[in-house]
Amino acid sequence: MASTQIDTEATIAWDDVLASFDPVMGLEVHVELGTNTKMFCGCATEFGAEPNTQVCPVCLGLPGALPVVNETAVESAIRIGLALNCEIAEWCRFARKNYFYPDMPKNFQTSQYDEPIAFNGFLDVELEDGTTYRVDIERAHMEEDTGKSLHVGGSTGRIHGATHSLVDYNRAGIPLIEIVTKPLTGAGERAPEIAKAYVATLRDLLKALDVSDVKMEQGSMRCDVNLSLMPKGSDTFGTRTETKNVNSLRSVERAVRYEMCRHGAILQAGGTILQETRHWHEDTGITTSGRPKSDADDYRYFPEPDLVPVAPSRETVEALRATLPEPPAQRRKRLQGEWGFSDLEMRDVLNAGLVDLIGETVEAGATPAGARKWWSGEIARRANAEGGVSVADYAAERSITPAHVVELEGLVTSGRLNDSMARQAWEGVLDGEGTPTAVADARGLELVQDDGALEAAVDKVIEANADVAQKVRDGKVQAAGALIGQVMKEMKGQADAGKAREIILSKLTS
Amino acid sequence: MTTDLTRASAAELSDLLAQGETSSVEVTQSLLNRTDAVDGDVHAYLHVDREGALATARDIDARRAAGEELHRLAGVPIAVKDVMATKGLPTTCGSKILEGWIPPYDATVVTRIKQAGMPILGKTNMDEFAMGSSTEHSAYGPTRNPWDLDRIPGGSGGGSSAVVASFQAPLAIGTDTGGSIRQPAAVTGTVGTKPTYGGVSRYGLVALASSLDQAGPCTRTVLDAALLHEVMGGHDPMDSTSINAPVPAVVEAARRADVKGMKIGIVRELTGDGFQAGVQARFDESVQHLVDAGAEVVEVSCPSFEAALAAYYLILPSEASSNLAKFDAMRYGMRVLPEGIDDPSAEQVMAATRDAGFGDEVKRRIILGTYALSSGYYDAYYGSAQKVRRLIADDFSRAFDTADVLVSPTAPTTAFRFGDKIDDPMAMYLNDIATIPANLAGVPGMSLPSGLADEDGLPAGFQILAPAAADERLYAVGSALEQRLLASWGGPLLGRAPELSTTTKGA
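Sequences listed follow chains A and B, in order.
Here the first sequence is numbered in full-length UniProt numbering, starting from 1 and rising by one per residue.
Here the second sequence is numbered in full-length UniProt numbering, starting from 1 and rising by one per residue.
Check each hint, because a few of them may be wrong.
[To be verified] Calculated cross-link-like contacts (lysine-lysine; reagent style DSBU-like; alpha-carbon spacing at most 35 Å):
{"id": "1", "chain 1": "A", "residue 1": "K148", "chain 2": "B", "residue 2": "K363"}
{"id": "2", "chain 1": "A", "residue 1": "K373", "chain 2": "A", "residue 2": "K492"}
{"id": "3", "chain 1": "A", "residue 1": "K148", "chain 2": "A", "residue 2": "K232"}
{"id": "4", "chain 1": "A", "residue 1": "K507", "chain 2": "A", "residue 2": "K460"}
{"id": "5", "chain 1": "A", "residue 1": "K244", "chain 2": "A", "residue 2": "K232"}
{"id": "6", "chain 1": "A", "residue 1": "K232", "chain 2": "A", "residue 2": "K182"}
{"id": "7", "chain 1": "B", "residue 1": "K421", "chain 2": "B", "residue 2": "K96"}
{"id": "8", "chain 1": "A", "residue 1": "K97", "chain 2": "B", "residue 2": "K263"}
{"id": "9", "chain 1": "A", "residue 1": "K215", "chain 2": "A", "residue 2": "K373"}
{"id": "10", "chain 1": "A", "residue 1": "K207", "chain 2": "A", "residue 2": "K471"}
{"id": "11", "chain 1": "A", "residue 1": "K97", "chain 2": "B", "residue 2": "K363"}
{"id": "12", "chain 1": "A", "residue 1": "K244", "chain 2": "A", "residue 2": "K182"}
{"id": "13", "chain 1": "A", "residue 1": "K507", "chain 2": "A", "residue 2": "K489"}
{"id": "14", "chain 1": "A", "residue 1": "K373", "chain 2": "A", "residue 2": "K182"}
{"id": "15", "chain 1": "B", "residue 1": "K421", "chain 2": "A", "residue 2": "K148"}
{"id": "16", "chain 1": "A", "residue 1": "K182", "chain 2": "A", "residue 2": "K215"}
{"id": "17", "chain 1": "A", "residue 1": "K244", "chain 2": "A", "residue 2": "K333"}
{"id": "18", "chain 1": "A", "residue 1": "K97", "chain 2": "B", "residue 2": "K96"}
{"id": "19", "chain 1": "A", "residue 1": "K492", "chain 2": "A", "residue 2": "K507"}
{"id": "20", "chain 1": "B", "residue 1": "K260", "chain 2": "A", "residue 2": "K97"}
{"id": "21", "chain 1": "A", "residue 1": "K148", "chain 2": "B", "residue 2": "K387"}
{"id": "22", "chain 1": "A", "residue 1": "K460", "chain 2": "A", "residue 2": "K492"}
{"id": "23", "chain 1": "B", "residue 1": "K87", "chain 2": "B", "residue 2": "K363"}
{"id": "24", "chain 1": "A", "residue 1": "K182", "chain 2": "B", "residue 2": "K387"}
To be clear, the hints were calculated from the coordinates, so they are not data collected in a lab.
Being a predicted model, the structure only gives us computed values, none of them experimental.
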């Protein structure tokens, strides 16, 4: 076949792809559920345990062992389905997906095939320009994870070139939900952005549902990108490739873009796309050929005879629907309005992951502006310096709570501290010196309320800075700033700068 | 004392133990001695656990002496089919591929017999992965029929029935996917029950066909079967297909043996043509005994049974092909490296191991099942077979509208000779024609001896089938028939079996 001779790594420019082709995307996201036990046995699911310590006859597939469905996982699956606006099956079964692989103990994966627990849904995704794209959801189904192979001896960590492989079955049997979109069309140049926004929105939703820790870097959320191009104006889908394990939001965006440019190059040169799985390379931002995959791949699915059908009653489904949290996008809009943040402020707060913390702090009695100010200042710098931990984690580790912020704000509004003193007090709190009040007490932070001392200081400063004072007398009121600074220095910072300004102006103007 | 402990039933041993007439150690040792004497010829065991059995026996004797309240069957020894996972004891399923595998856990049924305090004598021989009707497919050599050592003991559970028929154990556990408890019972002159699907936990039973497999008792009397059924049965949260209901009152039914007013349905499709004359004659007499005991006979028709064998040989291989995929040399059991390959891949090791480790019959069924499940063939084969299964269940349900139990000969013939059918899979498969429908529909069935066929003097089996969850009816009918047959024979049928030469070949 001549077409396969074409260099598959060639790409064309982004604008050239868009000029000639429309992309069709399909996104498959695997989510590890955060249940305490595995999908079909009672083994623990903790991440990072010693290899092969969280295993039993069932998840090792020992002869004779039988699966029992984890009811909590089914409930999570139904809640995910409902949050994705899906219909929930009244009756569905598990199926065996048969294929041989050493990290799969039974050499079949217990999954769902033509009877998924949830189907026909959608997720609205907000894009940068404020518009919304509706991602149609084909299905969400339950399955078990496989073990994890570690290929040793090669340079790449891939099986190619390895001398031997080790398998850790701790992950085998961890509950997974696979969420599959319908083919997404009409995205055009927004395809990479939509892909990224979809995965991000899905991640936020799953987090709000509290069903998974959705850590892409730990593999608890994994994305496969199916992509094909069709000539502009056509409605016949082209041949697709499936790029596996794209494991960060940025990579999802890049992988879509890369595959579009790669497909474009092949098609424009008159070649044909090979239906295959592709490996994503985070470092170089390219994909390379994996194994050929065809629709004829035969997994010999059949209903799992060791399990009884899952038949959630409508009452159960409605009870689970009642547990759904407010959708994250809707919640964000509501909070932005309630807090009076600008779009830019809200975006910063979102990017810093501060929504929940600010919410709790406002609830505890702080002003939204105050809460935003204290949680995004010094503490954010320190958290970032600690290797990029989130502010929430940084605070939690040090027992710094919303109550501290409320107290700090109270010290300012009561007039005990000025802004700069409050900053010092906050630093003390971050240094572990105790509550804001305790820090203020220990550091002797207190505005001087004695007007006599302040007036004396002002007089002294005016005398020492006669030239500046003259400028103020001549009407250059902004020159008073320099005097205020001197007064504050004289007062060792423990004065109310506003009051100092008042006194200076009353002495020099009038 | 004069009682031959090896010939005593479990019920009798239970009484003797309770009355202090004997000890579990004495019983266990007698049976082990019997095994030493006869199993060199019979080859019912793949593994004998002398120390383990005697240790349990000593423990039970001590606890009894200390006045502890014990289970009715405590101290009564039992043999276990080698398809059941037994912690610390080899479990091979009659296959080379599991040679040397020692399970780290017990099947639920094994846990229950251990909790009852029953010494486990050993693991019994079987066709490889329970595929066969003769034990000729065991990778470790066949078991011989105690009635005629040149004949098959039935299968797949030939070991469990032969161990009971040759007085090496009063009780054994079997499993029945298409007749593997009932057909061996029929050809060895013993009793075997396949309980309602879900009545006994499958946890730890190495699956042949998950939707058909069911463990049950192999014994010499109907009451013993009921006593063991009660120990084995009941809900198990480890098996999702296990029925969450109490075990049917099988012991009470066996003791009452009351069939007055019961309607006994003769299945038209499971008599007459194709059934050996002597087998049919004993069946007809047995039906007359039940009439004499007060039952009423009706004839029922189950037309879909004709398609049962075809459906069975699509469903079973399909499930088996998937169930047996786990034997891949990666985690346990045999590992064979392919010849002539320096750095074999995992796939190459899997292939070489499965090639060397599985016998021909296993390979035949894996290939059949893989084909039947393939895309493009699924609807025509697996899909159609499931429809037939539904029709068979409907036939049963209609039949049970007019009859309380259904009856038929258990197997079309008495025990055949080794080699007779080994090269003709269809002929071998046809031996299960009468037993397979019960597995497809999940209903319970029992086989008990109906006498000896005139033409060869070998045992024939009488099968009783009951609606799902009505296992007690098997025992009522079986016990009533057994009483009348024993009276007509003047003693147990096994009393007429030829004496086995008691060599000391050892097992």
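Hint consistency between A:K97 and B:K96 [alpha-carbon to alpha-carbon, up to 35 Å]:
holds, 27 Å
Regarding the pair A:K148 and A:K232, is the alpha-carbon distance no greater than 35 Å?
Violated. A:K148 to A:K232 sits at ~42 Å, over the 35 Å cutoff.
Between B:K87 and B:K363, does the CA-CA distance stay at or below 35 Å?
Answer holds: B:K87 to B:K363 is near 28 Å, not above 35 Å.
Hinted pair, alpha-carbon criterion (35 Å max): A:K182, B:K387. Please report holds or violated.
Distance of about 32 Å is within 35 Å: holds.
Given the hint that A:K207 pairs with A:K471, does the C-alpha gap stay at or below 35 Å?
violated, 60 Å
Pair hint A:K97 and B:K363, alpha-carbon separation not exceeding 35 Å:
holds, 20 Å
Assess, step by step, whether the Cα of A:K373 is no farther than 35 Å from the Cα of A:K182, and give holds or violated.
Distance ~43 Å between A:K373 and A:K182 Cα, so the pair is violated.
Agreement of B:K421 and B:K96 with the hint, judged by alpha carbon distance not exceeding 35 Å:
Holds. B:K421 to B:K96 sits at ~22 Å (cutoff 35 Å).
What's the verdict on A:K215 and A:K373, does the C-alpha distance respect the 35 Å limit or exceed it?
holds, 28 Å
Is A:K244 close enough to A:K232, meaning Cα to Cα at most 35 Å?
holds, 26 Å
For A:K148 and B:K387, compute the direct alpha-carbon distance and say whether it is at most 35 Å.
violated, 39 Å
Given hint B:K363 paired with A:K148 - CA-CA distance at most 35 Å:
With a Cα-Cα distance of about 29 Å, the restraint between A:K148 and B:K363 holds, given a limit of 35 Å.
Checked against the numbered hints given earlier, this structure breaks hints 3, 8, 10, 14, 15, 20 and 21; the rest are met.
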